[in-house]
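Position chains D and G against the provided structure of chain L, taking the given hints into account.
Protein chains in written order, with the working numbering: chain L, 284 to 566; chain D, 284 to 566; chain G, 284 to 566.
Don't read these hints as lab results, they were simulated from the structure. Certain hints may be false.
Same chains, same names: a pair is fine if it fits in one copy or spans any two.
Stated by the list, open to error - Dumping the calculated DSS-like pairs for lysine-lysine here, alpha-carbon to alpha-carbon at most 30 Å:
1. Lys-452 / Lys-404
2. Lys-413 / Lys-456
3. Lys-456 / Lys-376
4. Lys-489 / Lys-561
5. Lys-376 / Lys-404
6. Lys-404 / Lys-489
7. Lys-452 / Lys-489
8. Lys-489 / Lys-312
9. Lys-413 / Lys-452
10. Lys-376 / Lys-452
11. Lys-561 / Lys-413
12. Lys-561 / Lys-452
13. Lys-376 / Lys-413
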Amino acid sequence: MNLEQQQQDDQQDTNPWGTKSWTYISSLKQQSPLIQCITNLVSMDLIANTLLSAGASPAMIHSILEIPDFTPHTQSLLINVGTLTPEWLPAMKAAAGVANRLCKPWVLDPAAVGASRFRLKACIELVELKPTVIRGNASEIIALSLGSLGSMKGADSLHESSDAVEAAKSLAKSSGAIVAVSGSVDFVTDGQRVVGAHNGLPMMQKITASGCAVTALIAAFVAIDPAHAFEATACALSVFGLAGEIGMCLANGPASLRMHLIDSLYGLDQETVVQRVKITSFS
Amino acid sequence: MNLEQQQQDDQQDTNPWGTKSWTYISSLKQQSPLIQCITNLVSMDLIANTLLSAGASPAMIHSILEIPDFTPHTQSLLINVGTLTPEWLPAMKAAAGVANRLCKPWVLDPAAVGASRFRLKACIELVELKPTVIRGNASEIIALSLGSLGSMKGADSLHESSDAVEAAKSLAKSSGAIVAVSGSVDFVTDGQRVVGAHNGLPMMQKITASGCAVTALIAAFVAIDPAHAFEATACALSVFGLAGEIGMCLANGPASLRMHLIDSLYGLDQETVVQRVKITSFS
Amino acid sequence: MNLEQQQQDDQQDTNPWGTKSWTYISSLKQQSPLIQCITNLVSMDLIANTLLSAGASPAMIHSILEIPDFTPHTQSLLINVGTLTPEWLPAMKAAAGVANRLCKPWVLDPAAVGASRFRLKACIELVELKPTVIRGNASEIIALSLGSLGSMKGADSLHESSDAVEAAKSLAKSSGAIVAVSGSVDFVTDGQRVVGAHNGLPMMQKITASGCAVTALIAAFVAIDPAHAFEATACALSVFGLAGEIGMCLANGPASLRMHLIDSLYGLDQETVVQRVKITSFS
Numbered sequence: 284m285n286l287e288q289q290q291q292d293d294q295q296d297t298n299p300w301g302t303k304s305w306t307y308i309s310s311l312k313q314q315s316p317l318i319q320c321i322t323n324l325v326s327m328d329l330i331a332n333t334l335l336s337a338g339a340s341p342a343m344i345h346s347i348l349e350i351p352d353f354t355p356h357t358q359s360l361l362i363n364v365g366t367l368t369p370e371w372l373p374a375m376k377a378a379a380g381v382a383n384r385l386c387k388p389w390v391l392d393p394a395a396v397g398a399s400r401f402r403l404k405a406c407i408e409l410v411e412l413k414p415t416v417i418r419g420n421a422s423e424i425i426a427l428s429l430g431s432l433g434s435m436k437g438a439d440s441l442h443e444s445s446d447a448v449e450a451a452k453s454l455a456k457s458s459g460a461i462v463a464v465s466g467s468v469d470f471v472t473d474g475q476r477v478v479g480a481h482n483g484l485p486m487m488q489k490i491t492a493s494g495c496a497v498t499a500l501i502a503a504f505v506a507i508d509p510a511h512a513f514e515a516t517a518c519a520l521s522v523f524g525l526a527g528e529i530g531m532c533l534a535n536g537p538a539s540l541r542m543h544l545i546d547s548l549y550g551l552d553q554e555t556v557v558q559r560v561k562i563t564s565f566s
Numbered sequence: 284m285n286l287e288q289q290q291q292d293d294q295q296d297t298n299p300w301g302t303k304s305w306t307y308i309s310s311l312k313q314q315s316p317l318i319q320c321i322t323n324l325v326s327m328d329l330i331a332n333t334l335l336s337a338g339a340s341p342a343m344i345h346s347i348l349e350i351p352d353f354t355p356h357t358q359s360l361l362i363n364v365g366t367l368t369p370e371w372l373p374a375m376k377a378a379a380g381v382a383n384r385l386c387k388p389w390v391l392d393p394a395a396v397g398a399s400r401f402r403l404k405a406c407i408e409l410v411e412l413k414p415t416v417i418r419g420n421a422s423e424i425i426a427l428s429l430g431s432l433g434s435m436k437g438a439d440s441l442h443e444s445s446d447a448v449e450a451a452k453s454l455a456k457s458s459g460a461i462v463a464v465s466g467s468v469d470f471v472t473d474g475q476r477v478v479g480a481h482n483g484l485p486m487m488q489k490i491t492a493s494g495c496a497v498t499a500l501i502a503a504f505v506a507i508d509p510a511h512a513f514e515a516t517a518c519a520l521s522v523f524g525l526a527g528e529i530g531m532c533l534a535n536g537p538a539s540l541r542m543h544l545i546d547s548l549y550g551l552d553q554e555t556v557v558q559r560v561k562i563t564s565f566s
Numbered sequence: 284m285n286l287e288q289q290q291q292d293d294q295q296d297t298n299p300w301g302t303k304s305w306t307y308i309s310s311l312k313q314q315s316p317l318i319q320c321i322t323n324l325v326s327m328d329l330i331a332n333t334l335l336s337a338g339a340s341p342a343m344i345h346s347i348l349e350i351p352d353f354t355p356h357t358q359s360l361l362i363n364v365g366t367l368t369p370e371w372l373p374a375m376k377a378a379a380g381v382a383n384r385l386c387k388p389w390v391l392d393p394a395a396v397g398a399s400r401f402r403l404k405a406c407i408e409l410v411e412l413k414p415t416v417i418r419g420n421a422s423e424i425i426a427l428s429l430g431s432l433g434s435m436k437g438a439d440s441l442h443e444s445s446d447a448v449e450a451a452k453s454l455a456k457s458s459g460a461i462v463a464v465s466g467s468v469d470f471v472t473d474g475q476r477v478v479g480a481h482n483g484l485p486m487m488q489k490i491t492a493s494g495c496a497v498t499a500l501i502a503a504f505v506a507i508d509p510a511h512a513f514e515a516t517a518c519a520l521s522v523f524g525l526a527g528e529i530g531m532c533l534a535n536g537p538a539s540l541r542m543h544l545i546d547s548l549y550g551l552d553q554e555t556v557v558q559r560v561k562i563t564s565f566s
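So that you can see chain L by itself, here it is in the shape it has in the complex (with noise of 0.2 Å):
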């Protein structure tokens, strides 16, 4: 072993989830997951995009009769309620309940949840099918963990994410569920163990639906290594405010930089990675 090869050990060690992380994005590479997306109609674009560029399959299938034949092909299932009306929660229900029998992980992205009671009750109709991963702004959080309205203003969000760490926790041990809050930070939780991903930056608020997009990024994560939904999840975080990162060097504004995040997560190498992936305990 040269010099070279140690010090990368050693960088290595330094950053575990760093390592972590470059170990699902190449594997998402490799192995191409095929990700059901039952997603709102805003999003539908930037979601395909950014799998694709990860290196997962995107598949955006809505329609309850396809999901029999379609739903069981697939290695994991987003279900964003971003657009929701009420023709679109019954297939919802149905592709949760093929991946929980199938034994599949699948994901919620609870967007605006407090933005109607239709919605709310929808959402927890949802938690109760037990996602594997609930992702959402702290707004978001915080009236899925009290199953109110709150205080929202559409779909973003009011809070900072370090008030939700509680309502994520609560939400956590209820629904047996990895919750994130994404925000200045991003916390992700099973209950018990915090950790924040600091990667990012203020500005990707400003691109509708990249909180849907990084949702489905844990998507992919999740399909990778459903078994550890938690790593994979904050991760997949960190991963996407990275590529957010490295696009702003090359943005002038809002639209631009998701045009460079998703030119950056196709391309992020190793090194990179491994050196800049930043998640921290906060258990």
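Just chains D and G, lined up with the frame of chain L:
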């Protein structure tokens, strides 16, 4: 007051529309009003990113079940019929009804109104619900003003905006709405006054949903100053066009123009806005 | 005739497919045909921008109520089943019926046809409505040709395009349609003749809906020359691939490639098209 300040004030006096536009932009970033968008499937991504870049908070919420809970919390409402189906119309009407009842401004984009009798009838019914502003291209405003399908070509206009000024005035008088006609010059009228917004460039018509996006920006500006919808509409049209002009400096075609336009909208500075917004009176 | 003109003419003789492609491109910009698109929710933005950049006029109109009024005014019709639900199918069939009755060309994209029995059955029914052109990836064409779900992976192909040439010929013969198979080489057949379009690059498969977009471009080219759908299809495939090749010079990844591809499509010049379109005979 030093000389520089003096000169700046003189300049502002020279271009009161520029000064007004900047006031709207800075208020928008400060207040971040919540804009409910019930819009077509093609435009959702661009509209949401336009509103976010301008500082507003978009919410694409279109289920009729959510309107009683959600619409009262919004500062304005956008309704765009670009991909209308019968299922969407009741939610549009319900949301417009809530907006009216609570004295919130709402803006109608009669996209491709002449495509069918179904769509024309729907738009006429929506106009009866007293939109604060109606924005369309020349063919759309003519068709809506006459209440006839006329000669349409899908979403693209067959007429110059100047051809539609009389139709716009007539529609403004009959509906009580501010009416805006997009084109090489964008005209805005309340039925009496007519102003022209001269910013923008032809290539913007090669960006799908750019018309939808400027209607959304009108909804955001009107949310800031509902008592002056005429002024807010004219300023929104010019500011969007100006963002396109600035974006064009970096663009090589319609797709890069789209990106740079959004970036420019995000980064607009006072001096540029005050100097370059160009709105003139035609009445 | 000067030497330069002479050389250019010689060159055109050398590459008749390039010359033909340029004729389509320039006619498209001149005539700006109206293309009705009944397409999936993921692809609408990219399809509309592709068509606009190429000079066509897209209309995303999918309500069955609008088809009797609107479809007769179009020059061609695109039907893409990528996010099919039962509610959309009647409008697709009605529009195809109008196109047939009025002798307008229509193009079918059987996206992810093997995802479910529901989708396969729908596509078979659509094929019975005599599309002018069918374009899919290898897995899609094989599934549709065999009428069986086969081995599919969502929207992505598990086969090389060359694996599907016989299936494409068989489908062309049984359906009467021109059949195109996208892949590293794009094959086009009328059941007898086979040509391969060699432009394009692998990274285009990392852009969601890029396949949908090229089908839309086929619909536009076929609108220009419905009597020669075989040639129009091959040219559209090569031109789209060429736009990708040119875009790649400026791109750093899939998202910037998407942008530069659209810009390139908008800015294609005669010399480049005549020189670089590469279509060869395989029959």
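Going down the list of hints, with the structure as the test:
1. Within a single copy, Lys-452 and Lys-404 get their C-alpha atoms as close as 20 Å, which meets the 30 Å cut-off; across copies the closest is 46 Å, which misses it.
2. Only within a single protomer do Lys-413 and Lys-456 lie at most 30 Å apart by alpha-carbon distance; the minimum there is 12 Å, versus 49 Å between protomers.
3. Proximity of Lys-456 to Lys-376 under the C-alpha cut-off of 30 Å is restricted to the intra-copy arrangement: shortest distance 21 Å within a copy versus 42 Å between copies.
4. In this assembly of identical chains, Lys-489 and Lys-561 lie within 30 Å of each other by CA distance both inside one copy and across copies; the values are 22 Å within and 28 Å between.
5. For the identical chains of this complex, Lys-376 and Lys-404 are neighbours both inside a copy (13 Å) and across copies (24 Å), given an alpha-carbon limit of 30 Å.
6. Within a single copy, Lys-404 and Lys-489 get their C-alpha atoms as close as 28 Å, which meets the 30 Å cut-off; across copies the closest is 37 Å, which misses it.
7. Taking the closest pair of Cα atoms, Lys-452 and Lys-489 come within 30 Å of each other only inside a single copy of the chain (27 Å); across copies the shortest separation is 37 Å, beyond that limit.
8. Taking the shortest alpha-carbon separations for Lys-489 and Lys-312, both the intra-copy value of 28 Å and the inter-copy value of 12 Å come in at or below 30 Å.
9. In this homomeric assembly, Lys-413 and Lys-452 come within 30 Å of each other (Cα to Cα) only inside a single copy, at 15 Å, whereas the closest approach across copies is 47 Å.
10. For the homomeric pair Lys-376 and Lys-452, the shortest alpha-carbon distance inside one copy (24 Å) is at most 30 Å, but the shortest distance between copies (41 Å) is not.
11. For a Cα distance limit of 30 Å, the shortest separation of Lys-561 from Lys-413 inside one copy, 29 Å, qualifies, whereas the shortest one across copies, 53 Å, does not.
12. In this assembly of identical chains, the alpha carbons of Lys-561 and Lys-452 lie at most 30 Å apart only when taken from the same copy (21 Å versus 54 Å across copies).
13. When the C-alpha separation of Lys-376 and Lys-413 is checked against a cutoff of 30 Å, the pair qualifies only within one copy, where the shortest distance is 11 Å, while the shortest distance between copies is 37 Å.
Every hint, counting from the list given before, is met by this structure.
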